[in-house]
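Colleague: Residue strings, one per chain:
Protein chains: 2
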Amino acid sequence: MESAIPSHLQTARSRHRRVPDDYAPPYPSFVARHKPAVTRVIMAYFGVQYHGEPTAAVAEALAQIAARFAGDNGPSHWDRAHYVDQAGFTNVVSVSYWDDAARFDAWFDGARETWTGGTPADGIGRFIEVLRPDVARYETLFSSPDRAEGVAVLADAMSGEVQEHAYWGGMRDRIPLSQTDAMAPRGEPRAVRDGARIRVVAHDNLCLIRSGQDWSDTEAAERKMYLDDVEPVLREGMDFLRDDGVAIGCYANRYMQVVDGAGRPTEKSYGQSWWKSLAALERWAESHPTHVKIFGAAMKYLMTLGPSAKLRLYHEVTVAAADEQFFEYLGCHDRTGMLGAVPLTVDSA
Amino acid sequence: MESAIPSHLQTARSRHRRVPDDYAPPYPSFVARHKPAVTRVIMAYFGVQYHGEPTAAVAEALAQIAARFAGDNGPSHWDRAHYVDQAGFTNVVSVSYWDDAARFDAWFDGARETWTGGTPADGIGRFIEVLRPDVARYETLFSSPDRAEGVAVLADAMSGEVQEHAYWGGMRDRIPLSQTDAMAPRGEPRAVRDGARIRVVAHDNLCLIRSGQDWSDTEAAERKMYLDDVEPVLREGMDFLRDDGVAIGCYANRYMQVVDGAGRPTEKSYGQSWWKSLAALERWAESHPTHVKIFGAAMKYLMTLGPSAKLRLYHEVTVAAADEQFFEYLGCHDRTGMLGAVPLTVDSA
Numbered sequence: 001m002e003s004a005i006p007s008h009l010q011t012a013r014s015r016h017r018r019v020p021d022d023y024a025p026p027y028p029s030f031v032a033r034h035k036p037a038v039t040r041v042i043m044a045y046f047g048v049q050y051h052g053e054p055t056a057a058v059a060e061a062l063a064q065i066a067a068r069f070a071g072d073n074g075p076s077h078w079d080r081a082h083y084v085d086q087a088g089f090t091n092v093v094s095v096s097y098w099d100d101a102a103r104f105d106a107w108f109d110g111a112r113e114t115w116t117g118g119t120p121a122d123g124i125g126r127f128i129e130v131l132r133p134d135v136a137r138y139e140t141l142f143s144s145p146d147r148a149e150g151v152a153v154l155a156d157a158m159s160g161e162v163q164e165h166a167y168w169g170g171m172r173d174r175i176p177l178s179q180t181d182a183m184a185p186r187g188e189p190r191a192v193r194d195g196a197r198i199r200v201v202a203h204d205n206l207c208l209i210r211s212g213q214d215w216s217d218t219e220a221a222e223r224k225m226y227l228d229d230v231e232p233v234l235r236e237g238m239d240f241l242r243d244d245g246v247a248i249g250c251y252a253n254r255y256m257q258v259v260d261g262a263g264r265p266t267e268k269s270y271g272q273s274w275w276k277s278l279a280a281l282e283r284w285a286e287s288h289p290t291h292v293k294i295f296g297a298a299m300k301y302l303m304t305l306g307p308s309a310k311l312r313l314y315h316e317v318t319v320a321a322a323d324e325q326f327f328e329y330l331g332c333h334d335r336t337g338m339l340g341a342v343p344l345t346v347d348s349a
Numbered sequence: 001m002e003s004a005i006p007s008h009l010q011t012a013r014s015r016h017r018r019v020p021d022d023y024a025p026p027y028p029s030f031v032a033r034h035k036p037a038v039t040r041v042i043m044a045y046f047g048v049q050y051h052g053e054p055t056a057a058v059a060e061a062l063a064q065i066a067a068r069f070a071g072d073n074g075p076s077h078w079d080r081a082h083y084v085d086q087a088g089f090t091n092v093v094s095v096s097y098w099d100d101a102a103r104f105d106a107w108f109d110g111a112r113e114t115w116t117g118g119t120p121a122d123g124i125g126r127f128i129e130v131l132r133p134d135v136a137r138y139e140t141l142f143s144s145p146d147r148a149e150g151v152a153v154l155a156d157a158m159s160g161e162v163q164e165h166a167y168w169g170g171m172r173d174r175i176p177l178s179q180t181d182a183m184a185p186r187g188e189p190r191a192v193r194d195g196a197r198i199r200v201v202a203h204d205n206l207c208l209i210r211s212g213q214d215w216s217d218t219e220a221a222e223r224k225m226y227l228d229d230v231e232p233v234l235r236e237g238m239d240f241l242r243d244d245g246v247a248i249g250c251y252a253n254r255y256m257q258v259v260d261g262a263g264r265p266t267e268k269s270y271g272q273s274w275w276k277s278l279a280a281l282e283r284w285a286e287s288h289p290t291h292v293k294i295f296g297a298a299m300k301y302l303m304t305l306g307p308s309a310k311l312r313l314y315h316e317v318t319v320a321a322a323d324e325q326f327f328e329y330l331g332c333h334d335r336t337g338m339l340g341a342v343p344l345t346v347d348s349a
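Line order of the protein sequences matches chains A and B. Numbered according to full-length UniProt numbering, the first sequence spans residues 1 to 349. Numbered according to full-length UniProt numbering, the second sequence spans residues 1 to 349.
Careful, some of the hints might be misleading.
For identical chains, the list gives no copy identity; a pair is met inside one copy or between any two copies.
[Claimed, not checked] Distance condition first, Cα-Cα at most 27 angstroms in a straight line; then the derived BS3-like pairs of lysine-lysine: (1) 310 - 268; (2) 293 - 224; (3) 310 - 224; (4) 224 - 300; (5) 310 - 293; (6) 224 - 268.
It is worth saying that the hints were derived from the structure and are not from the lab. Since this is a predicted model, take the numbers as computed values, not measurements.
Whole structure, please, built from the sequences with the hints as guidance.
Modeller: Quick look at the structure:
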């Protein structure tokens, strides 16, 4: 049993963990371990938004960003997923990860100019959402150590079994900064117009979660149980956050279906959401009826199957400083991502 | 909105609350407020244990303790409840409350001698379980401010709406000592034989919860929903704690039905349980399947009924110092109360 906080990020505490030192979690979980030399990771979401069937322009945009990813200083890992949003638009999001800010910086300007630097064209919207957190500001969690997803693909290894999980508050306790900082949000998001682009300037301690499930290994009975008993409840919670999340501090939520290299749906999905604070995410997860239902359904599922469960679960959670964020939208409808968090009248840059 | 911790018990913190200062609970709750002059409360459980139908000796014992309660320096409030335990014995427990340790001390020795001072007789067991916590070591919570139960009957008043509730960790945050102390348990319970009596000497930071529900005001539809949808799930959780609680730190659990002055069941019940630590109680409440089901059923019930719900809920939770505890058993079976927490071979006093 080891701490989720790697030893080189352990500091003298001014804030306590939520569990006693002898706490023993009831089942195993694992976290991604970076080499100590990694001080920052970058998570960059590049979105294409369109209505109806994908056009040649959509395919071209997707090919364009994939080519950029494959170029010099491109991400160490990327994946792609899509979903249909509350306004009926399809959003295809290519998510890319770096663990070297210098490489990302060398790569980003050109990619950004290509992606959001022009004018809206061909009926498609484009957006860029980037966090570049210090490693003390993020955490991961995996139900199995043998298949990394998302930022964890960049990691040096998976940990052994960690202590800080399977209790409310574990998410916070896994973030190294929680040793000394309450990570309270400061300020309100605002929009800044820059020609045809709109940037959103959010605030200190904005929170991002990507929380995924992979049912590709499940067999008949388990698969049926996941698809019939768990997935609908999960979807209901995701829809609530998408449609009514703002009132409880969820600026935006996307329930994404991962696609393969040819754009075909895989048996992996994830919810990706932007939150005013880690505390707001904690409150929803712990006590909102929609997540209590998800938690209940997941618990029943895992209790029924026990260690034989083939469903894989993971997440990554970041609490970003104000200067670790970048949001830019071009030709997107006004409830896209962090645009949904700001008044519709915007300042000019 | 006020803190659950009364102003005269607020201290410089070395430990943080689990919620930010701007946390707003989604529904109101209330706590008992004692006069600042009250520095300690006493909760004394007097049990009669028998198998089969109650005999004249049972009635006599119950009348005897009631007469003691009515005598000089008797409790400010008491109530009575019964349950059938895992060994098939009926236990009638008279629970008495004081807010003046001098009065309790003046009263207790005689009552104790009468209750457990003799030898087992007439086929009945008797037990005494007492906590006498400093007011910094206990908290209450009520869903409505207009009907006190348990120790709260002694209070000067109910609070206004308090902030620290409706999140996991609220129970701890309402206990004044949590401002500066993790309240970790130290040591293991042991039994000491004193003639025919067995005393249990537990350990620092033992935890007691009495958690009650009152459905006497509910009308047809709500009553049916409580009795059909909530109560069976609650009972299942109570049975789990009673039968299998020790492995998760619950030394003993009693799911009690409150009785009236004539011994007839009322429409009130409570769970009363002894825990190794507040942390163990937190873990069960937050993540054990049996309590997750209770929480889910209660949440669905309250979501369906909203503010019109007539069900009343309350609890009182104490984390007692080692010298604030007293457990004594005479002629009881060996899984009675804290006897279930100790090896069956006992030291002599």
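Colleague: Which earlier hints turn out false for this structure, listed by number in ascending order?
Modeller: none
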